[in-house]
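A.B. asks: If you're matching them up, the sequences are chains A and B in order. By the count of my numbering, the first sequence reaches residue 1593 at its end, each step adding exactly one. By the count of my numbering, the second sequence reaches residue 282 at its end, each step adding exactly one.
Where hints are given, some of them may not hold.
In silico DMTMM-like links for lysine to aspartate or glutamate, alpha-carbon gap of 25 Å or less [what the hints assert, rightly or not]: (1) B:K120 x A:E1437; (2) A:K1316 x B:D281; (3) B:K279 x A:D1462; (4) A:K1457 x A:E1379; (5) B:K279 x A:E1580; (6) B:K140 x A:E1377; (7) B:K275 x A:E1367; (8) A:K1403 x B:D137; (9) A:K1522 x A:E1580; (10) B:K279 x A:E1515; (11) B:K275 x A:E1377; (12) B:K279 x A:E1323; (13) A:K1321 x B:D281; (14) B:K279 x A:E1377; (15) A:K1457 x B:D137; (16) B:K203 x A:E1377; (17) A:K1410 x B:D137; (18) A:K1563 x A:E1488; (19) B:K279 x A:D1381; (20) B:K140 x A:D1381; (21) B:K203 x A:D1364; (22) B:K75 x A:E1437; (23) B:K75 x A:D1416; (24) B:K279 x A:D1364; (25) B:K140 x A:E1379; (26) B:K75 x A:D1430.
Not the full set, but computed from the structure, chain B residues with beta-carbon under 10 Å of chain A [said to hold, decoys possible]: (27) N68; (28) N123; (29) D124; (30) F127; (31) F129; (32) M130; (33) V133; (34) I162; (35) K279; (36) I282.
Label pairs and their computed distance ranges (CB to CB) [stated by the list, open to error]: (37) A:K1434 x B:P253: 45 to 55 Å; (38) B:P80 x A:E1417: 20 to 30 Å; (39) B:P253 x A:E1417: 47 to 57 Å; (40) A:S1365 x B:N136: 16 to 26 Å.
Hints in this document: simulated from the structure, not taken from any laboratory. Just so we're clear, the structure is a prediction, and the values are computed from it rather than from any experiment. Beta carbons: idealized from backbone N, C-alpha and C, even for Gly.
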Amino acid sequence: MLALDVKNLNKKYEQFQLKNVSFQLKKGYIMGFIGANGAGKTTTIKSILNMTQIDSGEISTLGKNFIEHELDMKQVIGYAFGGANYYTRSKVKKVTNVIKKFYHNWDEAVYSSYLKRFDLDENKKIAELSEGMKVKYNLALALSHGSKLLILDEPTSGLDPVARDNLLDLFQELVEEGEISILFSTHITSDLEKCADYITYIHNGEIINSSEKEEFINAYRLLNGDNSQLEEVKNHLISYKKNSFGFTGLIHNKDFDPTSNINAARPNLEEIMIYFSKREDMYV
Amino acid sequence: MYNLLLKELKLGVSPFFYILPFLTGALMLIPGWIYFIVLLYFCWITVPNLCGTYKAQNDLQFSFMMPVTKNDIVKAKIAVIVILEFLHIVVAVIFGIMNTQLYPNINNFFLGPTVGFWGLGFIMFAIFNFIFISMYFKTAYKFGAPTIAAITGAMLFAGGAEWLGIQNSMFFDLFKGSNSNNLFIHLPILFAGIAIFAVFTIIAYHIAIKQFRKVDI
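Bound conformation, chain B alone (with noise of 0.2 Å):
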């Protein structure tokens, strides 16, 4: 498995995609934008150029020619996945320290980088995930609809997280309010949408090894 880790990562990936959270990560620098997008940009450019590459290179043959099992396929593609979201994240968190530091005053229309809003970018990613990846592995090459799909997901919930941010009062007094601050109650938003990134993806993954043992390669 770790050997077709390796691969995923030196041969599937174009090196773009590591530059790629920079890039899209320095966007959380412009003050009061809707930085769930800056997420959003790896469901939107990464993921379907990613299967598009493997879908070009006949990746799935190469990947099964090698001493490896279908689950390791399976495991070690939604690996590269975890791991390019977590370099979202990570590089966009930064640019987020960055943010509250150039603006220490701003008024956030939408919600502003707090650690509990990482929290729900993680869940924002838990369910891409599950949907993606659940629908994905049953032909291993269709991404389009999986990836239409599983971004209406994502973006459903951003919105109705900022629309809640907006319009409910505990919650915007949580996000943008005095309790924007308080990490009694951000850390463990951040602790439980990691938790739920966990397992909507482990999930996702026993739906996809099932449905991968039936594909034809």
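Next comes chain A alone, as it looks inside the complex (with noise of 0.2 Å):
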């Protein structure tokens, strides 16, 4: 079953737009939705929940068009726009209170061992946790209700390391039983390296790819020669940057020769990123 469908959806703002994105998440597994600042990932995930007006698309969670099904759709999943920036002055105890009458499966127990787990203090204001906790208290709720499909936009995003490891260790804790599926949209593409298991590219409003994390990278090769060898692949490279000793660029797998003499490696998440978003102020 697939936990999210986003078919063709098209939004068009004056400066910006998204154009058919589409892509699917099968339940069970973490995707990450990754792309530059701007690139249009929160805009998706906020027409994924129909808090914007999309122009065209479909959108179905858990089987489910969302928003035929928008009550239930949102009883069961959970989503987090980085941490709790809401109602800040209020202590954390207050806004739970408030929260947890909206929900009919909220779990006081399972709420209650994960604050335990992240070390939260009901008794603070949202304003003095951490950037760290507010993104635990956010998360707290969303697993109290018992969500079946969790939506985070950057969650991972000013958080040190251990707390994002930490985060990503319960990322894959929780998707284990094949119950939960998680999206999480992110810039910092090593956290993507550790724990996902599909990767979806957007850039500039547009699905560059999305498959399986090993697929995803393998579909590129990073290519490092010389000047000459610059000329023979230029025409089929998405980018290039020039060095002294001649040049690195990213290139299709399905584009390169395998018996020719550049040097070719298997390129990271993030420098499939910075090569495709070099490649507009290439042709601009």
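Each chain sits in its own coordinate frame; assemble them with the hints.
C.D. replies: Here it is in structure tokens:
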């Protein structure tokens, strides 16, 4: 079953548009949603959750049309936009007491266990929590009402490496039993190398690629060569950088001739992102 | 919707705004004053502060994160306004009754706290709600222009009613003359006021949900 199915999402703003955004997340997996700042990650997430009115497209969550079953879906989807940044002058306890009334499946024992695990003090005001704690608070809320799908917008940005690592471990633990699926956006690609099963890459409002992580990375090759070799492959490169020894450039694996003498390596996600964004600069 | 309303009353509205009606209501004890002002304090103080709090506390995103629809959010916010308006009127009425006991023989230059006067109060709030609600939900965070427009509408109505009470002999007779204690005339005015309040607020709600649907949160 698909936990999330986004089909041909279009949304036009004056300066920016989402163009035919489509991707699928299978139940029980973690999908990393990557893209540079302003690439459309948050807009896509907000469109999925009906927070912005889309021009066209269809969104299904847990097998049901989201808009038609909005209330039911919101009961079983947990989402967080960064950390808790609402009613910051109120105590955690007070905010939780208000929130839990909304959910049929609120489990106080689960909530308490996450508070303990995250070392969250209920008597603190939200403003007194660190950024990492705010993210954890949001997660504790999302996990305590039995969410089957977690949609998290940049949950790791602003966290220190230890907190990030803990969070990623938690994500993996959550999906272990195959019931919970997670979509999380980030621009910190090393997070995904640690824990994502699938990668969806958005650039300038368009999905460049959405596939299983290894497959995603293997679709590209990072080439290293001298200037004469650059001329050979220049037209096939996604983009390249010149340096004193020659060039480094990204190419689609299918466009690369493995019999050539050019040194080819497996890129990492960050390199893929960087060369794709460079493509625009080169042709503008 | 009920949970959302509870959320508004517990988190969104500062306890100060539940006390304010008593502070402003006590102004009903000033003899011969312009009593519309007592109700107008709600428009001048509570509404912009309430909206400012929503904006500062990122309320829109918070509300939308709950399992509710956009219509529920509009409904709950309007319900809060209506509840607070009723609180202002009810408390003012109590102080108004004390006013009539304290000063039984006073000749009010402006409209006194008669039963019908509260009907006019409801109409004033009806005008305020209609303008404010139908403008505010275009963005659901910009409250300056909607508040100013709605207050202007409400004050023009109050000013007009006071002017009629001074200039028009029939109106004078109704509110300050021989008919000022005639419940057969005053009660229908009160009920008509409440009916107008309900109709205007419901129409404003329908305009608001149409506008709020287009708002990107």
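A.B. asks: Decide, hint by hint, whether the structure agrees.
C.D. replies: Here is what the structure says about each hint:
{"no.": "1", "hint": "B:K120 x A:E1437", "result": "holds (20 Å)"}
{"no.": "2", "hint": "A:K1316 x B:D281", "result": "holds (20 Å)"}
{"no.": "3", "hint": "B:K279 x A:D1462", "result": "holds (22 Å)"}
{"no.": "4", "hint": "A:K1457 x A:E1379", "result": "holds (15 Å)"}
{"no.": "5", "hint": "B:K279 x A:E1580", "result": "violated (38 Å)"}
{"no.": "6", "hint": "B:K140 x A:E1377", "result": "holds (20 Å)"}
{"no.": "7", "hint": "B:K275 x A:E1367", "result": "holds (21 Å)"}
{"no.": "8", "hint": "A:K1403 x B:D137", "result": "holds (22 Å)"}
{"no.": "9", "hint": "A:K1522 x A:E1580", "result": "holds (14 Å)"}
{"no.": "10", "hint": "B:K279 x A:E1515", "result": "holds (23 Å)"}
{"no.": "11", "hint": "B:K275 x A:E1377", "result": "holds (18 Å)"}
{"no.": "12", "hint": "B:K279 x A:E1323", "result": "holds (15 Å)"}
{"no.": "13", "hint": "A:K1321 x B:D281", "result": "holds (12 Å)"}
{"no.": "14", "hint": "B:K279 x A:E1377", "result": "holds (17 Å)"}
{"no.": "15", "hint": "A:K1457 x B:D137", "result": "holds (24 Å)"}
{"no.": "16", "hint": "B:K203 x A:E1377", "result": "holds (24 Å)"}
{"no.": "17", "hint": "A:K1410 x B:D137", "result": "holds (15 Å)"}
{"no.": "18", "hint": "A:K1563 x A:E1488", "result": "violated (36 Å)"}
{"no.": "19", "hint": "B:K279 x A:D1381", "result": "holds (22 Å)"}
{"no.": "20", "hint": "B:K140 x A:D1381", "result": "holds (19 Å)"}
{"no.": "21", "hint": "B:K203 x A:D1364", "result": "holds (19 Å)"}
{"no.": "22", "hint": "B:K75 x A:E1437", "result": "holds (20 Å)"}
{"no.": "23", "hint": "B:K75 x A:D1416", "result": "holds (22 Å)"}
{"no.": "24", "hint": "B:K279 x A:D1364", "result": "holds (11 Å)"}
{"no.": "25", "hint": "B:K140 x A:E1379", "result": "holds (17 Å)"}
{"no.": "26", "hint": "B:K75 x A:D1430", "result": "holds (21 Å)"}
{"no.": "27", "hint": "N68", "result": "holds (5 Å)"}
{"no.": "28", "hint": "N123", "result": "holds (4 Å)"}
{"no.": "29", "hint": "D124", "result": "holds (7 Å)"}
{"no.": "30", "hint": "F127", "result": "holds (4 Å)"}
{"no.": "31", "hint": "F129", "result": "holds (6 Å)"}
{"no.": "32", "hint": "M130", "result": "holds (6 Å)"}
{"no.": "33", "hint": "V133", "result": "holds (7 Å)"}
{"no.": "34", "hint": "I162", "result": "violated (36 Å)"}
{"no.": "35", "hint": "K279", "result": "holds (6 Å)"}
{"no.": "36", "hint": "I282", "result": "holds (4 Å)"}
{"no.": "37", "hint": "A:K1434 x B:P253: 45 to 55 Å", "result": "holds (51 Å)"}
{"no.": "38", "hint": "B:P80 x A:E1417: 20 to 30 Å", "result": "holds (27 Å)"}
{"no.": "39", "hint": "B:P253 x A:E1417: 47 to 57 Å", "result": "holds (53 Å)"}
{"no.": "40", "hint": "A:S1365 x B:N136: 16 to 26 Å", "result": "holds (22 Å)"}
Going down the numbered hints, you'll see the structure goes against 5, 18 and 34, while the others check out.
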